[in-house]
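Start from the sequences, fold in the hints, and give me the full structure.
In order, the protein sequences belong to chains F and E. The opening position of the first sequence corresponds to residue 583 in the numbering used here, with each subsequent residue numbered one higher. The opening position of the second sequence corresponds to residue 822 in the numbering used here, with each subsequent residue numbered one higher.
Don't read these hints as lab results, they were simulated from the structure. All C-beta atoms, glycine included, are put in the ideal place defined by N, C-alpha and C. It is possible that part of the hints are untrue.
Here are the simulated BS3-like cross-link-like pairs (lysine-lysine), alpha carbons at most 27 Å apart as the crow flies [said to hold, decoys possible]:
no., chain 1, residue 1, chain 2, residue 2
1, F, Lys1055, F, Lys840
2, F, Lys699, E, Lys1183
3, E, Lys1236, F, Lys962
4, F, Lys770, F, Lys585
5, F, Lys1082, F, Lys906
6, F, Lys585, E, Lys938
7, E, Lys938, E, Lys955
8, F, Lys1013, E, Lys1236
9, E, Lys1098, E, Lys1130
10, E, Lys1183, E, Lys955
11, E, Lys991, F, Lys757
12, F, Lys622, F, Lys751
13, F, Lys906, E, Lys1236
14, F, Lys585, E, Lys937
15, F, Lys585, E, Lys1285
16, E, Lys1292, E, Lys955
17, F, Lys699, E, Lys847
18, E, Lys964, F, Lys1082
19, E, Lys904, E, Lys1057
20, E, Lys828, F, Lys699
21, E, Lys1098, E, Lys1131
Only some residues are given here: those of chain E computed to face chain F with a beta carbon under 8 Å [what the hints assert, rightly or not]:
no., residue
22, Phe849
23, Leu1173
24, Glu1252
25, Ala1274
Here are some chain E residues the structure puts well away from chain F; computed CB gaps all over 12 Å [what the hints assert, rightly or not]:
no., residue
26, Gly825
27, Leu853
28, Ser864
29, Ser971
30, Asp1024
31, Asn1049
32, Lys1130
33, His1197
34, Gly1246
35, Arg1247
36, Arg1273
37, Asp1299
38, Gly1300
Listed below are the residues making up each chain.
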Amino acid sequence: MVKQSIVIVGGGTAGWMAAAALSNKLNPYLYDVTLIESEKIGTVGVGEATVPHLRYFNDSLGIDERDFIARTNATYKLGIEFVDWGSIGSSYVHPFGLFGRPQGDISFHHYWVKAHKLGAALPITDYSVGAVSAEQEKFSYPTDDPDSLASKFSYAFHIDASLYAGYLKEYAKSKSVKRREGKIEAVKTNEEGDIESLTLDDGTKINGDFFVDCSGFRSLLLGQTLNVDFESWAHWLPCDRAVAVPSERSGAPIPYTKATAKSAGWQWRIPLQSRIGNGLVYCSKYLSDEDAEKTLLSGLDGAPLADLNFLRFRAGRRRCSWAKNCVAVGLSGGFLEPLESTSIYLIQVAITKLLDYFPGMQDSSYLRQQFNAEMEDEYKKIRDFLILHYVATNRDDSDFWRYIRSMELPESLERKMRLFCERGVVEQYVKGMFLEPSWVAVYLGQGIVPENYHPAVDSMSEDELVQSLDRLKTEVQHHVELMSSHADSLNFYASEESFKSWPPGAMSLYGVFS
Amino acid sequence: MSAGIRKLVICGGGIESYTLAHRLKKHFSDSLSITLIESGNVSEPACVSVPPAAVNFFTSQGVSEDVLVGEAGGLYRTAVLLKSVNQGKDFYLPFSPPGFMLHARDFQHFYVWAHKKGLAHSYDEFSLSSMSAKRLKFLPASKDAGSLLSTLNHGYTLDVTRLKDYLRSKFQSMGGSIVDGEVSSVSLDADGCIACLDVHGIDDSSVVGDFYIDCSGEDNSNLSSALNASFLSERKSLPVDSIIRSVSSCSGSYRPFSSISLQGAGYIIEQSAQYKKQSDFVYNSGELSDEEAVNLFSEYMRTPPSDLKKLSGQSKRRNQFWVKNCIFMGASSGFLQDPFMGTYSLSQSSILRFISLFPSAKESAPLAEEYNRLTHLEYDCVVDFHSLLFRVFGLKSANARSDSFLGEAVSDRLKSRVDMFNHTGRVPFREGDPISQDLWVSTLLGSGLVPRAYDILVEGIEPKWIADQLKKMFQMIDGASAKMPYLKDYIAQGSAV
Ligand SMILES: Cc1cc2nc3c(=O)[nH]c(=O)nc-3n(C[C@H](O)[C@H](O)[C@H](O)COP(=O)(O)OP(=O)(O)OC[C@H]3O[C@@H](n4cnc5c(N)ncnc54)[C@H](O)[C@@H]3O)c2cc1C
Ligand SMILES: Cc1cc2nc3c(=O)[nH]c(=O)nc-3n(C[C@H](O)[C@H](O)[C@H](O)COP(=O)(O)OP(=O)(O)OC[C@H]3O[C@@H](n4cnc5c(N)ncnc54)[C@H](O)[C@@H]3O)c2cc1C
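And the structure:
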């Protein structure tokens, strides 16, 4: 096999994640990996909250989780607290984990719905170790005992994204990835339309056999050069701007992200070890930049530590992520707004799939077709879940929320919602993110309680039902009582001597055992 | 109960009916009353074979292996033998996937890589369940995750009459009621839902329910005509329509597999439980007259033609499986031929689906729509898989190329799947597919379709190391399967304990 050269364009989170994973998997005698980035352009500079699947990514690179936490200034993330979404004044935690315990084939939420209708249920989050430990600002690793509720949650991190990129840069360079500084000024394609070479601002020409476009919103190769259309989903996810600013830490970091709905968007609060990341995501049609700035600054709980970073985006994706000899990874392939922090997950999925379907033998059009179909599916599943957050509400206190009320939904989401409203059924699928517990968290957290629950619930008497919920609550509290505070756990786990004490990552559900 | 399905009526008294009835009783105890109507004219099969998914199904229903393989006379099954499928060679389609991943890449790619370099072993020789099946040996999966034996998987060949009797008596002892007689007419209510069934029996009666399951078998029942339920033909994909059956008693030599072999314009399925052996010749009546078929079959079976039973076997499925307040299950939901994923196996997954979507009022459009959508997804995959098996058999020459491999009459879904395999060495995942990707790959490789490409990352690994790994794998699997007990002895031991 002739040596192939792979060129990664862009050195943001996407670029360095791709470089690290490719250099880890590809034989350096057969592949050269080069990454080009431009300090003049810089990176998008946001993206601090993750989902548990990142732990699997790190595991597969052989990264020590404690080292990762120390190097990226990370805190643990057990979920997201949503404030003012279902209605003003309401809030709930969407944990990375399950609620209660299923009875045979019947999920816990059916039992909860019946108890709720009898007026005998606490919020469903009270039956989840993940949610209660988040609320109480506690943390410990989940156990591996499948019968214990303490094994039914998982965790992710809040990270300093630029530190993570730097960490992976070090990793990738140690695996012989070459880094080039320079701004790409021209892209040359051959008669077949494949990308052949890139020219940098200093005149250097860089040839490649295969290109990974990690150039961010610009989508330099896939969008600008190969002209792959952008499919806008802005009519469903109308927020198109964000303004971000870090602020001083006040008190110990909490183990969850906070997302507060506002009159024309929502505001995030992401606790890191040394500071807090904040941002307001909004719809420019309903809120001016000046008002956005005011809203953001008035919602900080510490002094701002930097200038405001204004960002513009469109929700949607390129019609395909892989065209010709180029795969887009990261923002260059699409962006669905940061609500459930899925962007780094989508980067990870694209990289994993690229390695699964790595081109080079004969005609790669079949690999491409499969890769694109799977990425499209991933995007659409996340899209529906994000839209749900906006539509599962009775808010109509602004033009923004009134627009949301009037908009037509994707058919796939309508079907899902009909099923849930009718009988608490969550559409089942195996591939893609956000499975039953997440849907349940948002539906019930935002006030959509199904008309009916599963009839098998009625084979348990009302007394038994109430007692079993009570026992569950006690069980959950018991587990949470045994946990240390989040701050103590951060210190404790970091100082542990043993080689690997953290639980293994996985790509299933929340990357937990259950 | 919220609004209320309090009373459920099952029409039919076959294996499907009792499996469902027992399952629902387990689930709902006394909060659901179940009435089952059975007519005496039973023409049920002697054996049905089910894949590994059935293990969980029965366990969660509280039917243990001691029952299935003990008093109910079933046998363990770890593979399906495809007789003389590729250049005259037999292939054992395994229930546990062949080989192991290397460097986190799937085994199949290393196999194809090695095959192209002249590896002599066939794909199934890397599967512990194929190798043990071939040697008539059996062990269940070991619980020790580190052991090679933990990769084993099994399904069963069940003795229909015995299992049905068992489920029937359980159902009765749990308070289920059984009505003897034949459903003679169906009354609808103002919404077009079934209001009651009139039963013609010793005493004529009328059975009223909130919800109905039609398990009345192949013949178009009066429930389906009352609801105007229709079928979609699958003849194009599954071009066989007639069946002749022979059932004999079985003595001693237990086989942990079922088998399929090509004969003329059809194929013969043989499956045996402990006491009975059933052989079915499934063929296309357009190409083979009934008389020719009988001759061919009796010659093969060495049975007098008089002992054969003729059945109809049109390939079809329901347009909608759930209509109003009625679901069609079992043979009444359609017939997709049964070389691998049988009708009974499909009903097991329909039963689970029905339970998860169990309605809380007699009519529910969203639930019915979801049930139909999911059932069709699953049936699509099974049609494709069986359709593939037919093509595999229809093809006697080696070195098949996917273009000519499939012929004309297959779905675009199947074409694109096989194309994908041929050009990438991978079978894409499909949501709702009851057949694992491993089984698809085994079937394709076993039938002689060696893909043009495999995972390119294999090229980055030291060739000698791969060759050594494959050799070791083969030796381990060969050695371990040789040491396993014979199925016969395993069963004898079990019943002695
Ligand atoms: C408001 C907001 C909040 C977000 N919050 C989250 C979150 O909480 N969690 C999450 O997972 N994700 C989040 N994201 C997404 C996340 O920020 C991105 O997915 C992530 O940073 C990856 O970006 P990227 O590497 O694709 O692009 P960028 O960071 O933009 O990197 C692009 C790279 O390409 C280089 N480049 C571009 N053009 C050229 C050129 N011509 N020549 C040379 N180099 C070039 C740049 O220099 C840079 O290195 C958020 C995004 C936004 C907008
Ligand atoms: C060749 C062949 C091989 C097969 N191999 C397998 C296999 O390996 N694995 C597998 O899973 N499946 C297999 N099957 C399918 C399996 O045999 C059928 O799924 C199963 O027998 C169908 O059972 P049933 O209960 O739906 O119908 P039946 O067994 O036909 O039972 C129908 C019942 O309904 C009653 N009934 C009918 N009409 C009325 C009425 N009007 N009123 C009251 N009662 C009524 C009948 O008396 C009978 O009791 C195979 C089938 C064939 C043809």
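Hint check:
1. Lys1055/F to Lys840/F: Measuring from Cα to Cα gives roughly 24 Å; hence the hint holds.
2. Lys699/F to Lys1183/E: 21 Å, holds
3. Lys1236/E to Lys962/F: 25 Å, holds
4. Lys770/F to Lys585/F: Between Lys770/F and Lys585/F the Cα gap is close to 21 Å, so the pair holds against 27 Å.
5. Lys1082/F to Lys906/F: With Cα atoms ~42 Å apart, Lys1082/F and Lys906/F exceed 27 Å; violated.
6. Lys585/F to Lys938/E: Judged against 27 Å, a Cα distance of about 22 Å means the pair holds.
7. Lys938/E to Lys955/E: 26 Å, holds
8. Lys1013/F to Lys1236/E: 22 Å, holds
9. Lys1098/E to Lys1130/E: 14 Å, holds
10. Lys1183/E to Lys955/E: It is violated: about 50 Å lies between the C-alpha atoms, which goes past 27 Å.
11. Lys991/E to Lys757/F: 64 Å, violated
12. Lys622/F to Lys751/F: The hint holds at about 18 Å.
13. Lys906/F to Lys1236/E: 23 Å, holds
14. Lys585/F to Lys937/E: The given pair, whose Cα atoms are some 22 Å apart, holds under the 27 Å limit.
15. Lys585/F to Lys1285/E: This hinted pair holds, its Cα atoms lying about 20 Å apart.
16. Lys1292/E to Lys955/E: 20 Å, holds
17. Lys699/F to Lys847/E: 25 Å, holds
18. Lys964/E to Lys1082/F: Between Lys964/E and Lys1082/F the Cα gap is close to 25 Å, so the pair holds against 27 Å.
19. Lys904/E to Lys1057/E: 24 Å, holds
20. Lys828/E to Lys699/F: Distance of about 24 Å is within 27 Å: holds.
21. Lys1098/E to Lys1131/E: This hinted pair holds, its Cα atoms lying about 17 Å apart.
22. Phe849: 5 Å, holds
23. Leu1173: 7 Å, holds
24. Glu1252: The hint holds - Glu1252/E has a Cβ within 8 Å of chain F, the shortest such distance being about 6 Å.
25. Ala1274: Hint on Ala1274/E: holds, closest Cβ of chain F at ~4 Å, below 8 Å.
26. Gly825: At roughly 8 Å from the nearest Cβ of chain F, Gly825/E sits no farther out than 12 Å, so the non-interface label is violated.
27. Leu853: 7 Å, violated
28. Ser864: 33 Å, holds
29. Ser971: 17 Å, holds
30. Asp1024: Label holds. Min Cβ-Cβ 31 Å, cutoff 12 Å.
31. Asn1049: 24 Å, holds
32. Lys1130: Given a closest Cβ separation of 37 Å, the condition holds.
33. His1197: 14 Å, holds
34. Gly1246: 9 Å, violated
35. Arg1247: 7 Å, violated
36. Arg1273: 6 Å, violated
37. Asp1299: 30 Å, holds
38. Gly1300: 30 Å, holds
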